[in-house]
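First to last, the sequence lines map onto chains A and B.
FYI, our numbering numbers position 5 of the first sequence as -3, with every residue one higher than the one before it.
Numbers in our numbering are just positions in the second sequence, counted from 1, shifted up by 277.
One thing to keep in mind: the hints can contain errors.
Claimed, not checked - One side only, chain B facing chain A, incomplete, derived with CB under 8 Å:
1) Ser484
2) Gln629
3) Phe633
Unchecked claim - Restraint-style ranges between C-beta atoms, simulated for each label pair:
4) B:Cys518 <-> A:Asp40: 38 to 44 Å
5) B:Thr330 <-> A:Pro12: 14 to 20 Å
6) B:Pro513 <-> A:Gly39: 24 to 30 Å
7) B:Gly624 <-> A:Pro49: 20 to 26 Å
8) A:Pro12 <-> B:Arg332: 47 to 53 Å
9) B:Gly578 <-> A:Arg51: 33 to 39 Å
10) B:Gly578 <-> A:Gly39: 46 to 52 Å
11) A:Gly39 <-> B:Gly349: 33 to 39 Å
12) B:Asp646 <-> A:Pro49: 45 to 51 Å
Everything labelled a hint here was simulated from the structure, so no lab data went into it.
Predicted model only: the values in this text are computed from it and were never measured.
Backbone N, C-alpha and C define an ideal beta-carbon position, used for all residues, glycine too.
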Amino acid sequence: MTDAPDDPLDPHVLTGLDLPPDRLREVGAAFAEIRAEIEKLRALDLGDTHPAVVFQPYRGRR
Amino acid sequence: MSALDDPTRATIGALSSLIRDGRLSPVDLLDAVLHRARTEDHRLSAFVHLSDTARMAAEHAHAEIAAGDWKGPLHGVPIAIKDNHTTADMPTRAGTMAPGIAFPLEDAHAVARLRAAGAIPFAKTRMHEFAWGMETPPTRNPHDLERVPGGSSGGSGAAVAAGLAPAALGSDTGGSIRIPASLCGCVGFKPSFGLIGRSGIVPHSWSLDHAGPLTASVGDAAIVTKAMAEPDPTDPGCLGCDAPDWHEALAAGARGLRIGVCRTHFFENLVPAVADSVEEAIVALGRAGAEIVEFDLPEIGQGLGAIFAIELASSTNYHDQRLRSGAVNHFDADVRLLVEMGRLVSGADYLQAERFRRHLAERLAPVFDQVDVIAGPTMPLTAWRSGETEVRIGDRLESIVAVSWRLTYPWNLLGLPAISLPCGTDGSGMPIGLQIAGPVLGEAQVLRAAAAAEHALGGPMHRVASSF
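Given only the sequences and the hints, what does the whole structure look like? Please build it.
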């Protein structure tokens, strides 16, 4: 699927999507609106806030 | 017209009294519902399957009630089930026609609870494939067949609004119960995260998925929700608590209720008819004795990227083997694209989204010291035409996904109870939804405010007549 399968920056390697280049570009273009929103999210300084979902040791079914 | 004259237009509250008193047989009710489904659904495409065993269940319910064993308000009431809830007597497809995908013939927890309450699952409703979309093709909006019913529980919304089902189950990850409720003109209730167990519901995004009903009235939403809210030991997200009795809350009225209104985000960039109707509903609640409390929380509008990151990553992870095997190539084009896109969300993005959830919850918590509920529009607009992928509101062009989720997603990120109920129509007669949300496990005040609003606005919705 790729001309440079050993290139660590190859989009196929980075995304794990085994798609033809045209399809990969289509996916990337469709992601643009979502990426813009995620960029806003990345820019937020959340200080020391922990994630909402955190690990808890499994205690079996209650 | 009374409930006996046409039971397909009645609320569960009205039907259950007739059934309990022996004036309406569950068999006659089911026959009326099935007749309407068979004669009207070819125009709506709300259902994907009608049960072969429901009539036997109705006969059984009739015998039980005749023998004095009335189980409660759902006994003998037909309920439609969204096609992502597995059922023992009906196939489950989760909206997909892709080959090689099968789900077990066993009742999801929510369905099992309904059966235990005496309800009769009689149909599976059409949904957007794998709950990943807002249009539910080819289901049509009963108010205008050229328009979408919303999604992903679009079949449930269309069926309830058109009187093809007394109530229907839905699921809500970013708004998928409230969106079709708003666009079709019925009530849609997403209770607190984990109040209803989700075992047997095909996952979409584990930390965002909620189960809940679409109904003809706020009271009906309380009845169906209470029946399903019992501990589910196989759902790690289930809170494990029963629902309290909400009768008192439903009858308490608006007097003394503190209704929060946040102009930031929730009232920005709405079509004028939506802004006007929601404003009138809030004024009506004020006239009924509620205290309207304006507040501001700028962070409330900063989370669209968070729900995108969590939902995309989760859905893609759920479908990962299908992505690797190429099975997603058989998905509908829009859903395949979203599943592929999820690979573009990084782990750091996902964790930033999860941190934002906690940040927003911490910022919102003090607001609930000042208000009992928060009210606003469910959707910025009314139902759009089938096939549209973008909509323009004012000078802003938005994708269907973004515009659909804009006002509903905060309550999924936070896991808080939220309801949509009809509060008016636009100039074309398309329904408008009022959204009311509350604190975690604050179902009582949400239902109280919604029931008060419903009363102030003239009572439960009227189902669409057969002329659609």
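### Task
Confirm or reject the claim that Gly39 of chain A and Gly349 of chain B have a C-beta distance inside 33 to 39 Å.
Since Gly39 of chain A and Gly349 of chain B have Cβ atoms about 49 Å apart, the given range 33 to 39 Å is violated.
#### Entry: Distance restraint hint 45 to 51 Å, applied to the beta-carbon atoms of Asp646 of chain B and Pro49 of chain A
violated (33 Å)
### Task
Go ahead and decide if the range 24 to 30 Å is satisfied by the Cβ distance of Pro513 of chain B to Gly39 of chain A.
Check passed, 29 Å falls within 24 to 30 Å.
### Query
Can the suggested window of 14 to 20 Å be confirmed for the beta-carbon pair Thr330 of chain B and Pro12 of chain A?
violated (47 Å)
### Message
Within 46 to 52 Å: is that where the Cβ-Cβ distance between Gly578 of chain B and Gly39 of chain A falls?
### Response
violated (19 Å)
### Task
Answer holds if the nearest beta-carbon of chain A is closer than 8 Å to that of Phe633 of chain B; otherwise answer violated.
Holds - the Cβ of Phe633 of chain B comes within 8 Å of chain A, reaching about 6 Å at its closest.
### Message
Does Gln629 of chain B hold up as a contact with chain A if the rule is Cβ-Cβ below 8 Å?
### Response
At about 6 Å, which falls below the 8 Å cut-off, the nearest Cβ of chain A leaves the hint on Gln629 of chain B intact, so it holds.
### Range agreement (Cβ of Arg51 of chain A with Cβ of Gly578 of chain B, hint 33 to 39 Å)
holds (38 Å)
### Message
Verify the CB-CB distance for Gly624 of chain B and Pro49 of chain A against the hinted window 20 to 26 Å.
### Response
holds (22 Å)
#### Entry: Pairwise beta carbon distance, Cys518 of chain B to Asp40 of chain A, judged against the given window 38 to 44 Å
violated (31 Å)
#### Entry: Range agreement (Cβ of Arg332 of chain B with Cβ of Pro12 of chain A, hint 47 to 53 Å)
holds (52 Å)
### Query
How about Ser484 of chain B: closest beta carbon in chain A under 8 Å, or not?
It holds, given that the least Cβ distance between Ser484 of chain B and chain A is near 6 Å, below 8 Å.
In the structure shown, a violation is registered for the earlier hints numbered 4, 5, 10, 11 and 12, in ascending order.
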